[in-house]
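Participant: Sequence:
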Amino acid sequence: MNAVEPLIAVFIDFENLAIGVRQMKAGDFQIQLILKRLLEKGRIVYKRAYCDWRNYEKNVREFHSQGVEMLDIPQTKMSGKNSADIHMVVDALDLCYSKQHIDIFALISGDSDFSPLVSKLKENNKRVIGCGVKSSTSDLLISNSDEFIYYDDLIRTAKKARPKTKKTTSDSEPADKRQEAIDRVLEVLQSLEQDYDAVWGSMLKQAIRRVYPGFNEGYYGYRSFSELLEDVKRQGEVELEYDKKRGNYEIRLKDL
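For the record, in the sequence shown the residue sitting at position 34 is 34 according to the UniProt record's numbering, with numbers rising by one throughout.
Don't read these hints as lab results, they were simulated from the structure. Here a beta-carbon is modelled for each residue, glycine too, at the ideal position from N, C-alpha and C. Possibly wrong hints are sitting among the right ones.
Heads up, simulated PhoX-like pairs for lysine-lysine below, C-alpha to C-alpha not over 25 Å straight-line [to be verified]: (1) K245 <-> K233; (2) K120 <-> K58; (3) K36 <-> K99; (4) K244 <-> K126; (5) K99 <-> K134; (6) K159 <-> K25; (7) K126 <-> K99; (8) K36 <-> K205; (9) K233 <-> K244; (10) K177 <-> K134; (11) K58 <-> K25; (12) K254 <-> K36; (13) K244 <-> K58; (14) K122 <-> K99; (15) K120 <-> K134; (16) K159 <-> K177; (17) K233 <-> K177; (18) K36 <-> K58; (19) K254 <-> K177; (20) K245 <-> K205; (21) K36 <-> K160; (22) K233 <-> K205; (23) K177 <-> K36; (24) K160 <-> K25; (25) K122 <-> K134; (26) K99 <-> K160; (27) K58 <-> K159; (28) K244 <-> K159; (29) K160 <-> K244; (30) K134 <-> K36; (31) K134 <-> K205; (32) K25 <-> K36; (33) K254 <-> K233; (34) K122 <-> K159.
Pair ranges (Cβ atoms, derived) [claimed, not checked]: (35) S143 <-> R234: 43 to 51 Å; (36) E239 <-> K122: 31 to 39 Å; (37) I86 <-> K25: 24 to 32 Å; (38) K122 <-> I86: 14 to 22 Å; (39) K122 <-> H64: 25 to 33 Å; (40) A26 <-> K122: 25 to 33 Å.
Make the full structure from the sequences, and use the hints.
Facilitator: What follows is the structure, encoded as structure tokens:
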């Protein structure tokens, strides 16, 4: 039986984030890194970004490709930057009250102005995950969130990806094809271990499919996900322990 997947709504205060990323001098902003980390935690059912998009036209294509709805808030001398903030707060509260099934609100911003919104969402029994650039994020927003993800850490993790494993010894399928499956298992497992004390096979498979919707172990030549996990174990990358009561594997990364 599949574990319940938390449902996530994502709200992006893009201008605030873009300024912080520019100060980091870490290259172009990568929204996919944030969405991928959230997908490892649950199923994203709502994605909206707020900005005066005339100032960030080069980012529009990427946001479109990631399925993010972009709300255009043209800046005027009358409205100022807070206009986008107000729209985001109103939409988040509206969603909180109208869509009771949403479990997690992800607020992608470093602005302390969103702290009252965080408090109100938590009053309504919603879990709040914040995300922003370390140097430009309010301590108040960080401390008020249930969890805070630093964009800096996502960049660092992407650059320092776990080394690729040796090619599988099985000759029933091309080695590079099976290697892709093994790499995806290790990639997502590494993140899940940050969130859970124990990672189970069913949980891992769900998370992989959220991050890579087309993932199917049969495509890679495996008869089952368990067979894929056993192949990863043969590479010396993980430890597996079968729980008879659960009928499921507990998986742990081996220390490199």
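Participant: Could you tell me which of the hints above the structure violates, numbers in ascending order?
Facilitator: 2, 4, 5, 10, 13, 26, 28, 29, 31, 34
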